[in-house]
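On the provided structure of chain A, position chain B as indicated by the hints.
Protein sequences, first through last, are from chains A and B.
Residues in the first sequence are numbered consecutively from 74, following this note's numbering.
Residues in the second sequence are numbered consecutively from 74, following this note's numbering.
In case anyone wonders, no lab produced these hints; they're calculated from the structure.
Warning: the hint list may mix true and false statements.
Pairs involving identical chains hold if they fit within one copy or between any two copies, as the list cannot separate such chains.
Subject to a maximum C-alpha distance of 20 Å in a straight line, what follows is the list of computed DMTMM-like cross-link-like pairs (lysine to aspartate or glutamate) [claimed, not checked]:
id, residue 1, residue 2
1, Lys167, Glu397
2, Lys263, Asp144
3, Lys155, Asp138
4, Lys263, Glu145
5, Lys149, Glu261
6, Lys293, Asp325
7, Lys188, Glu145
8, Lys293, Asp144
9, Lys149, Glu260
10, Lys352, Asp211
Protein chains: 2
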Amino acid sequence: MSLPRIAVDAMGGDEGVRVMIDGAAEARRRHDQFQFLLVGDETRIKAALDDHPNMRGASEILHCDDVVGGDELPTKALRRAKTTSMGLAVNAVKQGDAGAAVSAGNTGALMAMSKLALRTMPGIDRPALAALMPTLGDNDVIMLDLGANTEADARNLVQFAIMGAAYSKIVTERDLPRVRLLNIGTEENKGFDRLREAAEQLQDATGLDMSFEGYVESDKINRGEVDVVVTDGFSGNIALKAIEGTARFVTDLLRNAFTSSIRSKIGFLVSRPATELLKHHLDPNNHNGAVFLGLNGVVVKSHGSATAGGVANAVTVAARLLEEDLTQRISTGLAELHAREEATFDNSAAK
Amino acid sequence: MSLPRIAVDAMGGDEGVRVMIDGAAEARRRHDQFQFLLVGDETRIKAALDDHPNMRGASEILHCDDVVGGDELPTKALRRAKTTSMGLAVNAVKQGDAGAAVSAGNTGALMAMSKLALRTMPGIDRPALAALMPTLGDNDVIMLDLGANTEADARNLVQFAIMGAAYSKIVTERDLPRVRLLNIGTEENKGFDRLREAAEQLQDATGLDMSFEGYVESDKINRGEVDVVVTDGFSGNIALKAIEGTARFVTDLLRNAFTSSIRSKIGFLVSRPATELLKHHLDPNNHNGAVFLGLNGVVVKSHGSATAGGVANAVTVAARLLEEDLTQRISTGLAELHAREEATFDNSAAK
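In isolation and in its complexed conformation, chain A is listed as follows (with noise of 0.2 Å):
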């Protein structure tokens, strides 16, 4: 089978570029049918590429001297859209040099120059940020939108449930996702309108290919419980940044119990498989590749200070959602949504 490649923005994030090219070549050596279109310096790319035997053969470079600063506006990043690394390795998915885009640039940016290039796909009104969480349980969990879209309505929220069960068979191989809308209690009566009419909606909606479970409280999205949360940017971003803040709370915490005492540092040396075990499990890197669902191509989000085995996590998630063509299954999911509200609206004209 061969795979179209994927473009890897070799400028973004905050370790540079040897850690994106350390990354493809891992992720090579992991699936030897990846093929790369490596967007950025050359010569640095080159000088990367010289530890990485694998990647010969497997590699274009495209040559830009352009780069998209971190902390750039995404306005102004936009005018940039064809001579920046970003923007060329987004434009390659547009011109159909590559099936994908990886990039630890500068969010808002990438943002943008997808939607600017890709466009939003027939029967998405907005596209939205999706990321995978660690849980007790055993497999990750998806939640979006992480910040695309500040609010959402009713009929937002119906269509990130679609794309996020979509992405969820995929990583998940779960038949029938579990797909729960997040608020602040479980009852029918508790948060805002727009989600008691989305929460309507997705019961309604029998054909669709997940299992709607109602609400989540936040405390409950990593008890493995439920395999994608349904938000607005605004609430889903306070909630994984909560979350992120809070391991990263209880392990300092924990770093400065061990280091307490002689007593403890010695139970620490003594416990450190069980640690290691939890650290692994809590490493952003073994969850990393953000995904912008609903446009016309698939753009990841690598997480800015990832390592290399973290880039090429993303890169792997890439793969796999072009591998099992992310996008026609959302459209599948939107085309049984829609077949249903048709089939109402002739039940109720035969009325």
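Structure of chain B alone, referenced to chain A:
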């Protein structure tokens, strides 16, 4: 100094009468001037008091048979404000029979009863629910609102900031509590208009007893860099529960890791003092007592599953807020705000 007594709803909470009475008794062991009005089933309260000779002469019982259910709708519970232990405890504050009320019952019902009996303070449009959370710094952080108001406009947020700062001054003893608005970025253009408006008003308000320092993202709440986090009830509830859930998630992972092998079990035993420190720091009982701010009277919500130690902490919070006259401090803060607004108005009019 003689403090007004504290009304304790002995019937609320998951743990029953005994934990509430044990908690009151423990609070009195710490502060022997505390006096109580214990509201609920007389026979069970008397049985629980038998274990606590220190409560003799320090407590009066107000008998009633009726109890608010944990899942009861607030509107339904309100009709029984005059017959339930919760309603009578709050009413004792209204009548001047007690200075503050503590309950571990249904939060929505307690809020509704408190608003009806005590009314909102002059100058406050909507009361808010505030709680303490642990940090890496020297003191707890206060967050509000946590769900009393699903939505909040700029004016509400400014009032929440004033109420939160007054509360923080009492529990942290900081002269100028550091106040921030919860947002999904720290740049000026992030989030909603209402956040930008509230930020502008607080930035201009130089005479207030707080240091307003802009926005905070939810991954920075527990770093010890902020004393009061201000937000609407939906976002606040999402952030609070995400923090609580993740702290539990990480400690669950840690427990799993520590019991995964003989070696790590030994390591756990050796480092037990360290993990106990962690447990102590994160134990919700040590941060128990959410406060309804903005009412003509002090009402404290103890967590439904709090231990006697947790209840004692909630009682102590209530006593401390009475002693330091929280309500008066909020009035002063509001007067400062209004004085400033009028001065601004006079200046504008003079131009």
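Checking each numbered hint in turn, tell me which of them this model violates, lowest number first. none
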